[in-house]
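As you go down the protein sequences, you meet chains A, B, E and D in turn.
Sequence positions in the first sequence follow the working numbering and run 165 to 493.
Sequence positions in the second sequence follow the working numbering and run 390 to 718.
Sequence positions in the third sequence follow the working numbering and run 5 to 621.
Sequence positions in the fourth sequence follow the working numbering and run 11 to 395.
For the record, the hints were derived by calculation from the structure and aren't laboratory data.
Since the model is a prediction, treat every value here as computed from it, not as a measurement.
All residues carry an ideal CB built from backbone N, CA and C; glycine is no exception.
Incorrect hints may appear among the rest.
[What the hints assert, rightly or not] Here are the computed lysine-lysine pairs in the PhoX-like style, where the Cα-Cα straight-line distance is at most 20 Å:
| hint | chain 1 | residue 1 | chain 2 | residue 2 |
| --- | --- | --- | --- | --- |
| 1 | B | K391 | B | K527 |
| 2 | D | K139 | B | K475 |
| 3 | A | K433 | E | K473 |
| 4 | A | K206 | D | K139 |
| 5 | D | K139 | A | K204 |
| 6 | D | K311 | B | K475 |
| 7 | D | K311 | D | K224 |
[As the list claims (entries may be wrong)] Covered by chain D, according to a simulated footprint, are these stretches of chain B (three or more residues, beta-carbon under 8 Å):
| hint | stretch |
| --- | --- |
| 8 | 443–452 |
| 9 | 472–479 |
[Said to hold, decoys possible] Sample of chain D residues with no beta-carbon within 10 Å of chain E, all distances over it, derived:
| hint | residue |
| --- | --- |
| 10 | L37 |
| 11 | N83 |
| 12 | Y95 |
| 13 | L120 |
| 14 | M211 |
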Amino acid sequence: MADNTNMTVKSVEVKLESPFSIKVRLLWRAFKENWNIFSKSKIGMIGLYIVIIFAVAGFIVYPILADTVWKTTSLNAMVSYNPVTGYDFLQNNPAPPSWAHLLGTDPLGRDVLAQLLYSTPREFMLGIVAALITVVIGTLIGTVAAYFGGAIDTFFMRLADIVLLFPFIPFLIVISGMMQVDLLTLALIIGLLSGFGGITIVLRSQGLIIKSRPFIESAKVSGASDAYIIVNHIIPNVMPLSFLYMMFNVTGAIFSEAVLSFFGLLNIKMSWGLMIYTADTAGYIIGSNIWNYWWLWLPSGASITLLCGAFYFIGRGLDEVVNPRLRKR
Amino acid sequence: MKPILELRNLKMYYDTQAGQVKAADDVSFVLNEGESIGLVGESGCGKTSVSMSIMKLLPENGRIISGNIFFDGKDIVNFSDEEMNKIRWAGIAMIFQAAMNSLNPVYRVGDQIVEAITAHEPNVTFEEARQRVANLYKLVGLDPERMDNYPHEYSGGMKQRAIIAMSLACNPKLIIADEPTTALDVIVQDTILRELEKVQKKLNMSMIYISHDIAVIAEVASRIAIMYAGKIVEMSDSVVIFKRPAHPYAIGLMSSFPSIRGEKKELVTIPGEPPNLLNAPDHCRFAPRCPFATDECWKQTPSYSEIESNHFVACFHPQNLKKLVNMNA
Amino acid sequence: MKRFLVLVLMGIVVVGMLAFAGGNANYALLSDVTSLNIWSMLGPNATAWNFYPTLTKYGGLYSMSDLTYQVVPALADGFWTPLEKVTEGGTTMYVTTVKLLKGVTWSDGTPFTADDVVFSYEVPFKLQMPGNWMSNLPPDLFIKVVKVDDYTVKFYTTHPSGNFIYSILMSAIVQKKFWEPVYEEALKQKDPAQYMMSYDKDLLSEPSIGAFTVSQWQKGAYLLDKAISNYTFKGQQEIEYANGAVQYIVPSLNQNVTYYGTPEGTVNHKFVTGPYVDSIVYRIYQNQTAAVSALLKGEVDYILNPNGLQKGFVQQLQTNPNVKITENPSLGFQYISFNLRRYPMNNKAFRVAIAYLIDRDLLANKILGGNTNPLSSLVPPGNAFWYDPNLKAYGEGMTTIERYQAAIKTLKDAGFSWLIEPKIEKGQLVQRGQGLIGPDGKLVKQITMMAPSAGYDPIRSTTALWVEKWANDVGIPLYADLTSFNNIVDAVFNQNFNFDMYILGWGISIYPSYIYDFFSAEQNVPGGFNSPGYDNPEFEKAAKAFLDSTDMNVARQYAFKAEEYLNADVPYIVLFAPTVIEAYRGDKISFAYTKCLDGIQSGYSGYGETSYVKVIQ
Amino acid sequence: MMLKYIGNRILQIAILLVIYVAIVFFLLHAMPGGIKTLLISNPKLTPQAQEAIIRAFGLNQPLWLQFVDYMKNVFTLNLGISFSYYPTPVWNIIAERLPRTVLLFTVATLIAFFVGFASGKSLAWNRGKTTEYVSTVVGIITYTIFTPLLIFVVIWFFGSFLGIFPLNQFLNPDLWIHTRLNAQIIFLYILMTMVIIGAVMLASYTIALRFSHKVITRRMIFYLSSIISVIFSIFFWWVSPVGIYAADILWHMVLPVMTVTIISYAGTMLVMRDSMLETIKEDFITTARAKGLPDKVVRDKHAARTAMLPVVTNFVLSLGFVVSGGVITETLFSWPGMGMTLLDSTLAKDYPLAAGALIFTGIFVLIAHLVVDIVYAFLDPRIRY
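Chain A on its own, in the form it takes in the complex:
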């Protein structure tokens, strides 16, 4: 935190000379400093690597494979493979891994690896949209509440109390069970619920600390407007913490989606949770031996765990950036 504070103080001073480029350079330097701390956190780096691997697999490998390897098994050989509808009925399904289907096929004869990769960008989308909404709302409300205090503060804090009251997963279950919820709606609901909840309280208290710093006073004295102070001084200083919470929120969103899909409550065509749901309701998971049809539940289950875990790892790594007391030395 101390580094950031200095950084901002300096940016106030030098702003008069040349505004934008220096700011960018300072931001870059702050980023590099934080990156140095972060990159020393093994857990954080492992998380980052996992996320990168998933991103590459989902955004780059999948489109290539869908247009080449799997295209032949497509219902309509003229378009690229779609794992939602791409039934391979030439064999007994579910089929164990083979060269044609590296992770086997599901009970409906659809390629498991393709489903896995197809779902990856969607999981990212969900997690990041939900987390972004959360963080934007949480940061804005948290800093505004901290800066202005008074009635605004009280209102949002009581609101956060109420939101915290909501049993999160049960509530999502009820909502998604009773109305048609697709991925984007889910991201919105998760984002709003967590945005008005705990994160506001955390960011508000961080904001209060920043507010008491001398440079806020000096900015006020030099006649900066409230909005200017919030946007230029308070928000940049709570940003690392927001970012940390964003990572935890990505984990939460992906996990929630998986749980809801697992119960078949979401109106989506394919996701990791839905893959397990399909295998489970068709009866391939528990029986005489859980490993008989391992490819139906292990890859998807492991993906959920890995991606959730990876973002959580990144969060833990960031925690050491944000919270110097956790640092080793």
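Dock chains B, E and D against the given chain A, drawing on the hints supplied.
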């Protein structure tokens, strides 16, 4: 007079990811029974590291490389934690730098002192221990009724007195007072120092005062050691140090701190910043800031030698210095 | 603590062994019973789970024979007398006399009399009880039951109808002695029906007239059904002859009767009624997976489930040699419905073309891996009496290419054309059709076919996608919209038939009154069952005649005729009868029969399997 | 002072509850289709019955009147009548299932808390060692693992592969069919025993604090009385004729409790670890060490005691959420409690039951908030009301 504590060529280094930090390098001094010495230097010069080495309360990355610490005739450098626990507080007690935070907020202050007594003297009953604490409270000028209060109910001065009382709890032979008054306002500072001196004389204990403020130390310590960058650069009776400082750094210190009730002098500030103890150089560490530095100073470390009776200095050019003092005067 | 647990375990084992020695069958239920109250169970809480353990307690005047599903007397003594027209106080009614069996007793020893019958009809009708009560005693059909003497009653109805037999005469009979005080109390309440339905005191002591009674209900865990020692029909022989005759020999009543012919010739089946076990424990498992692993472990002997087991469970269960697996077609069908109110679905040729394209056999056997049974008629072949073997669906027996050709020809003949005509050369579709142009010369717009998504039902979603592909191949702009079940139901039944086509399924009854309901003008109203909006006066006439016949042989002829209209006009394309796959422990229990419509669990003949199940010692 | 504060808090909680109920109510009424449409489109009900239900539920009234009625009823614990269990009151269903969930998850949460607390404590204390690194990673993995995945493996391994633990049900019917006992009562008795043991432990702790200042004697008093109360209750169950039934239920709880522990201990552990790491850097820890206190005393009495504050908050709040139960755990372990009720009622579109379950959870969470405040006041002398 019998020596109670003797440090012989103590080297205490910290291992950091950036490299080795030589926090205490070749520190030697002797402290006799009933004597009080002051350890003076800028913050980060290694004085606290020396005191922590004596208590053997080093952080996990800090270790004593070589040297000896004789306490009461025994070398405690290789003592185990259990053996050290017997010496801590019963033999050497400490008054910490940040009195505000040195008391555990969730326990009553009296109980925390009683705890120290019962830990070392298991035969003392709780009632007896409380009686002793009450006496100590009276000794340091606190109302014994405040024993059952929590730390947050004390003022800063009261906390400092409570900590002094705590340090006296086991009748230690040596008390290390690390910046005992820094956080207090000047009036209270003075009272507490007087109090401390009184108690020390009364109980015939040895004291090590640690401070960055040579003026404060000079009032209570019979001898003063001046530390710079992990080394003791000068050591002598306080009068001698004040009258005839030999090391350029000591002279600078004299000039930069006003005495509590000393005559007004023009302040001379020492240009430059204290060196980074990380990968400390082989030459004289003060050379970069020294107005008298010669090629010699940039080549090797000066030895720590006695320039007059009981006056030790580590400098190549102690002779030149008297003139400057005269000039300034 | 350890020793304690070990002792407890030993106790459990010992007690467990004792329980098995007495002849106890363990069934798995996949959901807890919601009530033991018959009024509520046949009312708003009519779930299969409620029926399994409890309905064995109650009787009916008439029932259906095992496997052949013929109407036979149960508590009645012989068939009802032919309906006579009478006029009382200006209203015309039809009346019939039903004689009751003498010597039948309830489990508490009370004899079964006409009072019980009158009471069992009076209460639900007077209190207007909802659910099955309402459909058993339709207000537009049922008038009253009158006691003539202790063993004779007269039924009054507004008009003759097959429903009179299949609904009214088969309604449940309860004991008046037990329920009368409750009923009297109920009449004093503001809402007597609700009082009756929520009554839940001492229901475990309600006497039974069947083979079992519920003697314990540990909520959320299990129900215990105990066999009735003085069950009147214990040892009854049911002999089914190849000539259609059914003979019943009841030793306790010295009764020997034969219906539907003479007792001669080959005997197809012979069943002797139990109960053969002392008790049946219905263990409640909250999901199918748990029940299957319990079956594998031997905790339960049989899993009750109206929908049967999924393919995966079957594959898992097959690894255990002690587990026997039975497959039966369910009593129900999945279908594509056209909205005849919209263009081009209102064009018969268009519907016929789609019907030609759909290869049920390929879908069911190859694409869906034998998970479902191809079905092309509204009545499944298993319902032997009502099934018309002469009906032939469009395209039956054709290859895919022949189907393409037939569809293209049908469309062409009806005046349809294409921007790019589909082309078939040497048994290959070489050019897919594009831009279908209607007989009006305009381009046919996209047609949406709603179907449940893969998560809800992979079979129907897969089918939808294949139908889409086949239709697109010949240039029909069909789009399969995989959506949630609720969305479809909402669009079809709540939003005034807002759909082009959809795929859903129906559960049906033995008596095919649904032939009328699904396609009659009467139901062609918002929220009604006639979702296609089918409107054909000739069909209407035949269907109505079928419905109003109390002579089942006559009714059958009309039903066949009505079905012919439907088969030709294709408002529905019937696709499949889902398979009901069941599993039981062959080493622990045996059933009288396992090959039957809708599986062992069906209970169309009074939950027969409970009185036939035997524990293998 | 304290009483006044609690009074104030209860008032606040009542207000929060009203708002919460309002949100649940209006949300469920705003659902597409809505209760009324759903009811009317239910083919099981005749028009007459529908009308009766609409009247019974007060659906013919304006929305705000319905809301006022509903609110009144909630405060008398009348949560309406379930659709899927018509005409059973929602409260009866909840009363049937609540004890099962509360027992299972209270036990699991307690165990998870103590495991997490102890391991978090030693993790922070042994910072930098391989074991710390490994257990942190393992902890994070069990914390983020997809719960159904873990449960599948646990069920397979212990239930099928080893076959040592019972699966699928919360009691063994073979044992219970010979008794007329209601399992409900046994659940309540077990809960009562737990409460009594807890009360004895609390009382002995308080007495020990008053009675002695020696850590050893304090511990002796505390542990002895706890062990005696546990032994006594085991003995009591042992001689009682229903002991075997309680043991049967507990035996069936082993696997779900274990699973919940695995899933949730890491949450406590990580919070405790972080909190402990921060506390260790505090000056009073150095003071405690300098005082020559043994390592264990510094760790437990000074570091852990102060670091536990945020952990205890988490713990009490999670006890509040016990009511909603692990929907996943209950469903997969076939444990018919509140979590399953919530899921089933949702799938069955049983609005009153779903709303009831949600509101009940809310009430418990609010009570937990109150308890947190009170517990905090006891644990942190800096807070005074």
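Hints versus structure:
no.: 1; hint: B:K391 to B:K527; result: violated (30 Å)
no.: 2; hint: D:K139 to B:K475; result: violated (27 Å)
no.: 3; hint: A:K433 to E:K473; result: holds (19 Å)
no.: 4; hint: A:K206 to D:K139; result: holds (14 Å)
no.: 5; hint: D:K139 to A:K204; result: holds (16 Å)
no.: 6; hint: D:K311 to B:K475; result: holds (19 Å)
no.: 7; hint: D:K311 to D:K224; result: holds (13 Å)
no.: 8; hint: 443–452; result: holds (count 3)
no.: 9; hint: 472–479; result: holds (count 7)
no.: 10; hint: L37; result: holds (18 Å)
no.: 11; hint: N83; result: holds (17 Å)
no.: 12; hint: Y95; result: violated (5 Å)
no.: 13; hint: L120; result: holds (17 Å)
no.: 14; hint: M211; result: holds (18 Å)
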